[in-house]
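Novice: Here is how the chains run, residue by residue.
2 protein chains.
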Amino acid sequence: MKGLLVKDMDYANEILGGSERAVARLMSWLEDEDERAYSVMEALYPHTGKAFILGITGSPGAGKSTLTDKLARQIRKQGHSVGIIAVDPSSPFTGGALLGDRVRMCELTMDPEIYIRSMATRGFLGGMAKATADVVRALDAFGKDVIIIETVGVGQDEVDIIGIADTTCLVLVPGLGDVIQSMKAGVMEIADIFAINKSDRPGADQLSAEVSNRIEQDARIKPSDWTPSIVRTVAVDDVGVDDLWKAIENHRDFLKSSGRFIEKRRERTRKETLRMIHGEIFRIVREQLQTTGELDDLVEDILERKRDPYSVMRDVVNSWIALPPICQKEAS
Amino acid sequence: MKGLLVKDMDYANEILGGSERAVARLMSWLEDEDERAYSVMEALYPHTGKAFILGITGSPGAGKSTLTDKLARQIRKQGHSVGIIAVDPSSPFTGGALLGDRVRMCELTMDPEIYIRSMATRGFLGGMAKATADVVRALDAFGKDVIIIETVGVGQDEVDIIGIADTTCLVLVPGLGDVIQSMKAGVMEIADIFAINKSDRPGADQLSAEVSNRIEQDARIKPSDWTPSIVRTVAVDDVGVDDLWKAIENHRDFLKSSGRFIEKRRERTRKETLRMIHGEIFRIVREQLQTTGELDDLVEDILERKRDPYSVMRDVVNSWIALPPICQKEAS
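Order-wise, the sequence lines are chains A and B. Numbering-wise, the numbering used here puts 279 at position 279 of the first sequence, and it's gapless, one number per residue. Numbering-wise, the numbering used here puts 281 at position 281 of the second sequence, and it's gapless, one number per residue.
Hints are computed from structural coordinates only; laboratory data are not their basis. Some clues are possibly wrong.
Remember, identical chains collapse to one label, so a pair may be satisfied in a single copy or spanning two.
Quick list of in silico lysine-lysine cross-link-like pairs, DSS-like style, CA-CA up to 30 Å [claimed, not checked]:
id, residue 1, residue 2
1, K50, K7
2, K50, K306
3, K271, K77
4, K306, K256
5, K7, K222
6, K264, K7
7, K77, K7
8, K7, K306
9, K306, K264
10, K256, K271
11, K256, K7
12, K246, K7
13, K306, K271
14, K77, K306
15, K246, K222
16, K306, K246
Just so it is clear, the structure is predicted and the values come from calculations on it, not from any experiment.
Chain A with its partners taken away, still in its complex shape:
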């Protein structure tokens, strides 16, 4: 945090002072991986770590946005401020849907204590999870008590994004054929709470039974000190949303009392730090190889089979990586 410019501190103070304009611009910079963002984030960082981060995930069509909408109102009733980050995955198959849903939520934005940010997947190699983590920190410093990350739970990107949350709620609906599949495929690990939405539909009882069976089986195989709860909701009619929020608060209390809260955040900080280093290395590698034109030459040699990508990789890496002791000495 040392060596920050006055303008960055001023900018940070604008955000800490509650300027929506300032935080919105910062978040755009973060999405665009604009250099200017990071010195401001440095200044903001000491003011982060207070918000409770909730992840809402589930298949397309599960009604996540409506549920998020109603949850936000519920949370406001408790007097907490809310930040919502809706992540639209890059998937051609779902990309449009979330954006559409966002429109429904506009009414929420009438409440100054609710801030909604829609992010489209962009960038390359985990860039989305990094940007999301940054935006969460920005809203955290901005003073939002609860930050909801809403994402479609498909693809490694989205799994990484959900990893940012303290508590994760998986939204299921009756009559989606792939539920058993999803049970098989290890969704249990990411879900702290199951919301069975549209539970006025036929099949809700069966789905609920399947889920609790699965939870029991799982507990036998891999005992845990938290048993995921199941809550039935009909988000459009605002049914069960208060119970869902209670279940979420229960899990948060469990995390705090059991020490899992700090454990989880430690694990997340570990992942995020690695991810940031990863992203920065990529930025430098790409810039350097492209600006020098070295990449073009290498690519031609590889295409013509004069060279192979594996030895090229080794040679470049060896010429670049300075094992700290050596290169620091050399440099001094």
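Start from chain A and add chain B according to the hints.
Specialist: Showing chain B alone in chain A's frame:
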């Protein structure tokens, strides 16, 4: 390729000689990012670049696996050998499904000229696309004429994976509500051919009309020298699969005659080379940070807000990456 050990050359020759055992073990190494794989890949690389790479993608339930199955038989009828790489995304919601489908394809494995490999998403930050590109190269060197990559088109990982293909076929089915969404979300760019599968279902005409409308609109906005073709199939009944293969061959011929083939491969080689260099540098840095315990200390400082992740990132990267001019001089 210089400086390869005799054992690596021998291993490579085993694979070039057609040993399934050898190629299977190599691919496992590649999936596990096992160091031993890369010297063998170096030896194999000059023998790659011959295979035609076909990408098959689409939403869960579109019938990709059955279509891939039938296509493989069709391709065999033309006397070509086939390699199939089925990528199971990490998604809890679809992960199980593809694996299930694979079972149906076992009959194919009776034909020695068809090699099927199922890959589960693993690794960290783009590791999957890298591993898939490596496995494609292994099957290419192994002598497969056509390599089919089958993946669910969701998430950045899968988009990167489909980027490996020369020709991409997007599988759609009537009655999936999200078709229009998917059209909006820029799927047009990745699809060279649209297969409307299960086209005996109601809504096939409408879907086909929507797609061709979309293609026309797109051609007006962004003129291109290739107009995606639409082929109707009923994969389970082997209907339209021969037409689909003809459409694929047409696109391949177009790529070759227009020069786009080499352009695409140049672009892909560019991406893959960057991905490999960057992945290797990150691997080294991560290992170092973890084995020395430096990462743990940094994480604690960040958690306690003694430091911020942004300056940590900068410091770590600066201490590791010596940009060539400086460090090469120093080192010599």
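Novice: Run the structure past the numbered hints and jot down the numbers of the failing ones, going up.
Specialist: 3, 5, 6, 7, 11, 12, 14, 16
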